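S.K.: Please build the complete structure, drawing on both the sequences and the hints.
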Amino acid sequence: EAGVVQSPRYKIIEKKQPVAFWCNPISGHNTLYWYLQNLGQGPELLIRYENEEAVDDSQLPKDRFSAERLKGVDSTLKIQPAELGDSAVYLCASSPRRGWNEQFFGPGTRLTVL
Amino acid sequence: QKEVEQDPGPLSVPEGAIVSLNCTYSNSAFQYFMWYRQYSRKGPELLMYTYSSGNKEDGRFTAQVDKSSKYISLFIRDSQPSDSATYLCAMSSQGAQKLVFGQGTRLTINP
Chain U
26 EAGVVQSPRY KIIEKKQPVA FWCNPISGHN TLYWYLQNLG QGPELLIRYE NEEAVDDSQL
86 PKDRFSAERL KGVDSTLKIQ PAELGDSAVY LCASSPRRGW NEQFFGPGTR LTVL
Chain R
208 QKEVEQDPGP LSVPEGAIVS LNCTYSNSAF QYFMWYRQYS RKGPELLMYT YSSGNKEDGR
268 FTAQVDKSSK YISLFIRDSQ PSDSATYLCA MSSQGAQKLV FGQGTRLTIN P
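For the record, the sequence lines run as chains U and R. Counting in our numbering, the final residue of the first sequence is number 139, and the numbers go up one at a time with none missing. Counting in our numbering, the final residue of the second sequence is number 318, and the numbers go up one at a time with none missing.
Be aware that a few hints might be false.
[Stated by the list, open to error] Computed beta-carbon distance windows for the label pairs:
| no. | chain 1 | residue 1 | chain 2 | residue 2 | range |
| --- | --- | --- | --- | --- | --- |
| 1 | R | A224 | U | R89 | 39 to 47 angstroms |
| 2 | U | G97 | R | N234 | 24 to 32 angstroms |
| 3 | R | D265 | U | W47 | 26 to 34 angstroms |
| 4 | R | Y278 | U | R122 | 24 to 32 angstroms |
| 5 | U | N76 | R | N234 | 26 to 34 angstroms |
| 6 | U | G65 | R | K305 | 42 to 50 angstroms |
| 7 | R | N317 | U | D81 | 37 to 45 angstroms |
| 8 | R | T315 | U | L95 | 41 to 49 angstroms |
| 9 | U | G53 | R | D265 | 23 to 31 angstroms |
[To be verified] According to the in silico footprint, chain U covers these stretches of chain R (three or more CB under 8 angstroms from chain U):
| no. | stretch |
| --- | --- |
| 10 | 251-265 |
| 11 | 288-300 |
Derived by calculation from the structure, the hints in this document are not laboratory data. All values derive from a computational prediction rather than experimental measurement. A virtual CB, placed ideally from N, CA and C, is assigned to each residue, including glycine.
M.R.: Take a look at the structure:
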C-alpha cells in the first residue's frame with residue numbers, strides 16, 4: 026500500500042512569491058491534515074479535512090495561507106505571498122476516517138524563503 | 208507553558224543500552240498517546256499507540272502511560288544504531304482528532 030505522497034520535496038523561493046504544495050493521502054483515507062514543522066519543533070496542525078470539508082482551520086493564517094481538497098482526495102496548500110518566517114517543513118498526514126486517532130505522515134515539503 | 212513538554216536532548220547512548228524517553232502534559236483530557244519516530248528529512252512514522260493508562264509492548268519498544276502523573280514514557284531495549292532518530296510524543300483527547308506534539312527528543316545510538 027502506497028503511503029502519503031507529497032510534492033515537491035524541496036522548494037526555494039524568494040519572499041513575496043507564491044508557493045503551492047500538493048498531497049495525495051493513503052487510498053481510502055477520508056481525513057487529511059496539513060501540519061507545519063519548524064526546525065527542532067514538533068508538528069503543529071494547520072488544517073484538517075473530512076472528505077472535502079475543512080472542519081478545523083483555526084490555526085491556518087488565512088491572510089496568506091489557503092488550502093483546498095476539491096474532490097475529497099488530494100489536497101493543495103498555498104502561501105501567497107511567502108514571508109521569511111514561512112521557512113519550515115510542511116507535512117501532510119491522513120487517517121482512515123473521522124474519530125481515528127492514528128495519523129500517517131508523508132515525507133514533507135521543505136520550504137526555504139530567501 | 209506548553210501543553211506537552213519533551214526534553215529535546217540530544218541524547219547519546221552506546222549500542223545495546225536501554226533508552227528511556229519521556230513526556231509530560233498538562234491537559235487531563237488527553238486519552239490517546241502516541242510515539243512517532245522521525246528520521247532526518249523524513250516524515251514522522253507511527254511507532255506506538257496507546258489508549259488511557261497502562262503499558263504496551265511491541266518488540267524492543269515499550270510504551271507506558273501514567274495518567275495520574277500526566278507522564279508518558281517510551282523504552283527501547285537493546286538499542287541499535289538504526290534507532291538513531293528524533294522521537295516525538297503526541298496525544299489527543301476524545302473526539303478532538305487533533306494531535307498535540309512534544310518538541311521531540313533527538314537520540315543517537317553509538318556503535
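S.K.: None of the hints should be skipped; say for each whether it holds.
M.R.: Now the hints, each set against the structure:
no.	hint	result
1	R/A224 to U/R89: 39 to 47 angstroms	46 angstroms, holds
2	U/G97 to R/N234: 24 to 32 angstroms	31 angstroms, holds
3	R/D265 to U/W47: 26 to 34 angstroms	33 angstroms, holds
4	R/Y278 to U/R122: 24 to 32 angstroms	30 angstroms, holds
5	U/N76 to R/N234: 26 to 34 angstroms	28 angstroms, holds
6	U/G65 to R/K305: 42 to 50 angstroms	21 angstroms, violated
7	R/N317 to U/D81: 37 to 45 angstroms	42 angstroms, holds
8	R/T315 to U/L95: 41 to 49 angstroms	43 angstroms, holds
9	U/G53 to R/D265: 23 to 31 angstroms	24 angstroms, holds
10	251-265	holds (count 4)
11	288-300	holds (count 3)
The earlier numbered hint that this structure contradicts is number 6, and it is the only one.
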